[in-house]
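Protein chains in written order, with our numbering: chain R, 46 to 293; chain P, 797 to 1013.
Because the hints were derived from the structure by calculation, they are not lab data. Owing to the predicted nature of the structure, the values given are computational and were not obtained by experimental measurement. Where is the CB? At the ideal position from N, CA and C, for every residue including glycine. Certain hints may be false.
Stated by the list, open to error - Far from chain R, by Cβ distances over 12 Å, these chain P residues were calculated: (1) V809; (2) I821; (3) D936; (4) E943; (5) E988; (6) T1006.
Unchecked claim - Just some of the chain R residues that point at chain P, by a computed CB distance under 7 Å: (7) T53; (8) V134; (9) N140; (10) V146; (11) V148; (12) Y149; (13) N150; (14) W172; (15) T189; (16) H204; (17) R211.
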Amino acid sequence: MTTAEFGTHNWGMVVDVDKCIGCNACVIACQAENNIPINTQDRVERARSISWIRVERYWEGDFPDAKARFIPIMCQHCENAPCEPVCPVYATYHNSEGMNVQVYNRCVGTRYCANGCPYIVRFFNYWEPVWPESLRNHLNPDVTVRSRGIMEKCSFCVHRIRRESRNARSAGVEIADGAVQTACSSACPTSALNFGNFNDPESKVSKMKEDKRHYTLLDQFGTDPNVIYLAKIDADKKVGAGEAATHG
Amino acid sequence: MLVPVLAIGGLGVVAVMGVVAAFIITGWLGQPVPVLGFEQTFDQPIDFPHTVHASTKQLDRVAADGQTMEGLGLDCTFCHRTVTTQANAGVPAVNFCATCHQVIGAADNVPLTILRDAADIVGDDGASPVNWQRVHRLPDHVRFVHEPHIRYLTANPSEVKNSTDGVTEGPSGVCSTCHGNVAAMQQVEQVESLKMGQCVDCHRDNGAPTDCAACHY
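Produce the complete structure using the sequences and hints provided.
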């Protein structure tokens, strides 16, 4: 049995906040990759826009010494996810690859999961998705187009994982470290987003998360996320991992 | 609706419940049947005989020269070229058909005239694809990839169900597991339900993942 077999991975992400420049390339890449409907002004104003990953901006310090800080936030794929036990139809569950999976065809749209999620990374389709005529043929055929009444969220680009594991099994090899890249991590110009297998102690992400800057968002809830953040290093003042954690 | 039903009394209630129950049972258990708007077979733009191309047997079809025809016995992969490498089996381009059929087949053969017209061998309206009707269609929330299935069944011929004219292995035999004996079909039709239960049964029997996210994403 090679490690390309199903269930031998623990997929996760390490986000180096120190490298994030807030360019939003990850947001656009995700939007294009995962057939996310276009967020019109009307939808944003009604707080019903959908973006599986967002770059939150906040200010540190007072003017004129204020510093812009960015932190990309996507589904944290919690090992102990608050969204999972509340679903009455098991449309969201944790699979053996460390991912929090949303099964669109099971979802009945109760929205309990979105209410349970402390990270606000689950989005409900209030409308049937519509694209302009010029974009109709630009949809990704590997990703389901979610219809009205379905909850959706970051899938860790599971279609890319499936594709790479299929290729690896076909070639009879293991999935190489870095072979699977999510849309956001491949678009990130500063390598702030890193995707990989936590089960492999030699993988890039496993080594990165040993960094003493590491923290998880809203650690006090005990959700045990599979997305690990590395704290921002400020040249002016010393910011420890504990202090950075409170910004989440 | 309920009030007039109650007015007719017990028999009316039972009758309505019976109709509702019959509707649910046929919808849930039944194959997609033409009554519900799903056609099992389609009228293809060209009456394409899989028998002539894929069968290995003597056919009861008579060629233009009066000889009874024998199946060519082509592998499925001869025309459906991407099935061993990609998600879709692929329908050949009309020029691929024309490779043989610009020579083979009588000049006045009606279906072949449609094909040759589409390939711009006859006629003068340019090349155009043939608008084949898709027979096997899975719902949009299912991701089915042919490649791993073909690979597994080729390596494990004992898991192949059905057969293609008695052949259960190799590039023509394994397809019969889900598609039936296409080589014997004049017009291709769906023989297996291809519902999730069938997928899961087979995945379970063969140790394939039964995780939802294996197919639904």
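Status of the hints after comparison with the structure:
no. : hint  : in the structure
1   : V809  : holds, 29 Å
2   : I821  : holds, 21 Å
3   : D936  : violated, 6 Å
4   : E943  : violated, 7 Å
5   : E988  : holds, 20 Å
6   : T1006 : violated, 9 Å
7   : T53   : violated, 11 Å
8   : V134  : violated, 12 Å
9   : N140  : holds, 5 Å
10  : V146  : holds, 4 Å
11  : V148  : holds, 5 Å
12  : Y149  : holds, 5 Å
13  : N150  : holds, 4 Å
14  : W172  : violated, 17 Å
15  : T189  : holds, 5 Å
16  : H204  : holds, 6 Å
17  : R211  : holds, 6 Å
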